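Below are the chains, spelled out letter by letter.
Protein chains: 2
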Amino acid sequence: MATDQPQKLFKAQTLKGFRDYMPELMAPRQAMIRLIEATFERHGFQPLQTPALEYLETLAGKYGEEGDKLLYRFQDHGERHVALRYDLTVPLARVVAEHRNEIQLPFRRYQVAPVWRADKPQRGRVREFFQCDADIVGVNSAIADAETLITGLSVLQTLGIDGAVLHLNHRDVLFGLIAAAGVTEKAQQIACIRAIDKLDKIPAAAVQTEIETGTGVDAETAGRVVGQFLHGAMTIASVADQLSAAGVDTAGLDRLREVLALVSAAGLGDRIRFDPTIARGLDYYTGIIYETRLTDPRVKGIGAVMSGGRYDGLIGLFTKEAIPAVGISLGLDRLLAAMQELELVSKDSHAVQVYVTVFSEAQAVTAIQLARLLRQAGLRAELDLAGGKLGKQLERASKRGARLAVMVGPDEATAGTAVLKDLRDGAQQTVTQEDLARTAGALLAV
Amino acid sequence: MATDQPQKLFKAQTLKGFRDYMPELMAPRQAMIRLIEATFERHGFQPLQTPALEYLETLAGKYGEEGDKLLYRFQDHGERHVALRYDLTVPLARVVAEHRNEIQLPFRRYQVAPVWRADKPQRGRVREFFQCDADIVGVNSAIADAETLITGLSVLQTLGIDGAVLHLNHRDVLFGLIAAAGVTEKAQQIACIRAIDKLDKIPAAAVQTEIETGTGVDAETAGRVVGQFLHGAMTIASVADQLSAAGVDTAGLDRLREVLALVSAAGLGDRIRFDPTIARGLDYYTGIIYETRLTDPRVKGIGAVMSGGRYDGLIGLFTKEAIPAVGISLGLDRLLAAMQELELVSKDSHAVQVYVTVFSEAQAVTAIQLARLLRQAGLRAELDLAGGKLGKQLERASKRGARLAVMVGPDEATAGTAVLKDLRDGAQQTVTQEDLARTAGALLAV
Chain W
181 MATDQPQKLF
191 KAQTLKGFRD
201 YMPELMAPRQ
211 AMIRLIEATF
221 ERHGFQPLQT
231 PALEYLETLA
241 GKYGEEGDKL
251 LYRFQDHGER
261 HVALRYDLTV
271 PLARVVAEHR
281 NEIQLPFRRY
291 QVAPVWRADK
301 PQRGRVREFF
311 QCDADIVGVN
321 SAIADAETLI
331 TGLSVLQTLG
341 IDGAVLHLNH
351 RDVLFGLIAA
361 AGVTEKAQQI
371 ACIRAIDKLD
381 KIPAAAVQTE
391 IETGTGVDAE
401 TAGRVVGQFL
411 HGAMTIASVA
421 DQLSAAGVDT
431 AGLDRLREVL
441 ALVSAAGLGD
451 RIRFDPTIAR
461 GLDYYTGIIY
471 ETRLTDPRVK
481 GIGAVMSGGR
491 YDGLIGLFTK
501 EAIPAVGISL
511 GLDRLLAAMQ
521 ELELVSKDSH
531 AVQVYVTVFS
541 EAQAVTAIQL
551 ARLLRQAGLR
561 AELDLAGGKL
571 GKQLERASKR
581 GARLAVMVGP
591 DEATAGTAVL
601 KDLRDGAQQT
611 VTQEDLARTA
621 GALLAV
Chain A
181 MATDQPQKLF
191 KAQTLKGFRD
201 YMPELMAPRQ
211 AMIRLIEATF
221 ERHGFQPLQT
231 PALEYLETLA
241 GKYGEEGDKL
251 LYRFQDHGER
261 HVALRYDLTV
271 PLARVVAEHR
281 NEIQLPFRRY
291 QVAPVWRADK
301 PQRGRVREFF
311 QCDADIVGVN
321 SAIADAETLI
331 TGLSVLQTLG
341 IDGAVLHLNH
351 RDVLFGLIAA
361 AGVTEKAQQI
371 ACIRAIDKLD
381 KIPAAAVQTE
391 IETGTGVDAE
401 TAGRVVGQFL
411 HGAMTIASVA
421 DQLSAAGVDT
431 AGLDRLREVL
441 ALVSAAGLGD
451 RIRFDPTIAR
461 GLDYYTGIIY
471 ETRLTDPRVK
481 GIGAVMSGGR
491 YDGLIGLFTK
501 EAIPAVGISL
511 GLDRLLAAMQ
521 ELELVSKDSH
531 AVQVYVTVFS
541 EAQAVTAIQL
551 ARLLRQAGLR
561 AELDLAGGKL
571 GKQLERASKR
581 GARLAVMVGP
591 DEATAGTAVL
601 KDLRDGAQQT
611 VTQEDLARTA
621 GALLAV
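For the record, the sequence lines run as chains W and A. Mapped onto my numbering, the consecutive letters of the first sequence carry residue numbers 181 to 626. Mapped onto my numbering, the consecutive letters of the second sequence carry residue numbers 181 to 626.
Certain hints may be false.
Just so you know, same-sequence chains aren't split out, so a pair can sit in one copy or run between any two.
What the hints assert, rightly or not - With a straight-line Cα cutoff of 35 angstroms, these simulated DSBU-like cross-link-like pairs (lysine-lysine) come out:
no.: 1; residue 1: K196; residue 2: K249
no.: 2; residue 1: K572; residue 2: K500
no.: 3; residue 1: K300; residue 2: K366
no.: 4; residue 1: K601; residue 2: K569
Just so you know, these hints were derived from the structure itself, not from any lab. Remember, predicted model here, so these are calculated numbers, not experimental data.
Here chain W stands alone, though its shape is the one from the complex (with noise of 0.2 angstroms):
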């Protein structure tokens, strides 16, 4: 390599929509993942890896039109059409289908991993994010819709985030509700469906103009369509009043009911509400759908931060065996925002605890010697590696996070021993080296 030569610089850039995560925000994301996957275990679901790649054919037309176009796409070498994954169910009801002989239904697996998305950076969205998806494969039925909520709502517990509600809802109810103000044809109910996703984000009167163009339903039918959705509050014997007076079926709500109470049985109804409006953009979803928002002020605006539903015909596009499905998506990076502004971020999980210090390079065998030690014992133990005086190292140690010093000059290698430094007090003992780990096991456990 010709660095001895002058050359070009080549540009030190992450691209457009994409980020590095350096070790001050890594630490806390990372000790986040690990509570999740433990809950997620906790609730019996099993981790499972698929590819970053896969057929084109894959992935493409299962996340409607605009999905579709964020793919990211290429030829590979051998010219096979391939993709970046867009998310993690689809890759899942392919696994199902390609490993059917091995997997044992019911099927509970869990993957947090990176999706890719070629989204606007300007919408505030980021490129390549990672979520977190627990899914129950092969039932459909209320207790397995509830055990994924709880699954879900458990995660958010473990984390600290109290204040976050689930919106829970039903494609049938919202078809229901779309069908009673006379929308009846199904590309047109789907159209409806996507403009209702807006109504938390835009006006009810661009929301009608949408359904009107995309559907092509007069203004009347239109503006009754979003009349359905802004009743005051509406609950499940409102909408069921709703569509029973239209002759509309009404078993969707039936499920809604079951699914709550089973959810409060667990405890936790306070965080769960029937929410007619929840609309979820995705084409798949056949059953349950929902979207969890963060109730306290200063989070507000992270939008949802664990959504997901029922989608019991996303599995069938790959086997002729009808397999039904539901889950749950953690947005892994909207919660670590969450958790900042909330001050729920721990920042000690990963930091160095001893900081050993080289005296002079004679002393370097038994520094090295003695991070052995406090790392066997545990211990998170980082060894200076800058040298210089004694006070620059200690400096450092202190800008490491270390809670400990360990100082060996000449005196204390020949007597075998080790001076041990509290860096918030001060407080100094001297040790035997054969006592070290202990006794900064029994100090940093104080």
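Chain W is fixed; fit chain A onto it per the hints.
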């Protein structure tokens, strides 16, 4: 979604060279990742995460001609030339240059992440694999070299892999031995190194031929080059003699002596060995280089499980400041394969501990409440979702690997109790629902 209409099924297929990790394999793999990360952290390394996609310019030209060909590259929606990351080292160099003002040197970071190479699958290579890297940026010293090696060897110890030997060399020793054989042009020396790198895979005569065709030197010189690396027991002293006799500088050997002494001081002397035939293919190394091989005959074919070296010129491609660096890279999937072969993989770490049966739909509420209590107590509990007779449910519990099962019939529900069954010996006891989690925890702790 038109699931009610007959339609062509999508093919459920992973791309060639890519694979799914099903839970049976992913669970131990994830347990390994957690152990590796914890060991890195005990050694003072902090997590960093970089994007999967980089500007093509960032990656191109850093991995030699062959590496360049294996880059997954394409144009994104903004017609930028981009590529999937090929390793974790070049992105680290880009990060250090881009975030220079935020980073305090020495900077120790680790990253566990997938990389992508469009390699030929018939060579037994996969196209997506995980690397686990730990690097120290900002210091060129024997102690920094030793710290990275000690960290890597400690990871292998933590994983329970005892029969591993790190083969250590230095680029200057390699160049020196080649120069001593009479090849003095840099480009010719690099061609020699590429050929020498294959000495453990192809016969010496074939390596000699490759040197002749790759450099244009005569057969005698090429034979002398190969001969330099074929001595029986090459020690630092014997190589020092070879180099001194040819009037070649021996500073590289001095560095190796120091590093070996420090690693030995940490008690790891039996896991490291000087090996002048280690060449490493990548162009960017400037100091120590090494590969770690497993010695157990059952896993000898797996290849190097940990490798790396010093690359003091790489970051300088992105910034004018000269910033040295040294690192290790562990191959997660090779390690997992080795651990499976050596029967070191634990299957229990993620398995369900308690299976909660559902006697009937009327008992679903109680079952969901008991599952909640068990999970809140930190136990991994699965709720039966497939229903049917109790015997069927207990069969599923066993298949899922659960140790305990919980049963609540109408009598128990009325009495506020539950039956807890040990699936290993069939013993069962009736406990109050309040005591369930504590009793289950106690049984699992035995």
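Task: Numbers of the earlier hints that this structure fails to satisfy, in rising order - done: none
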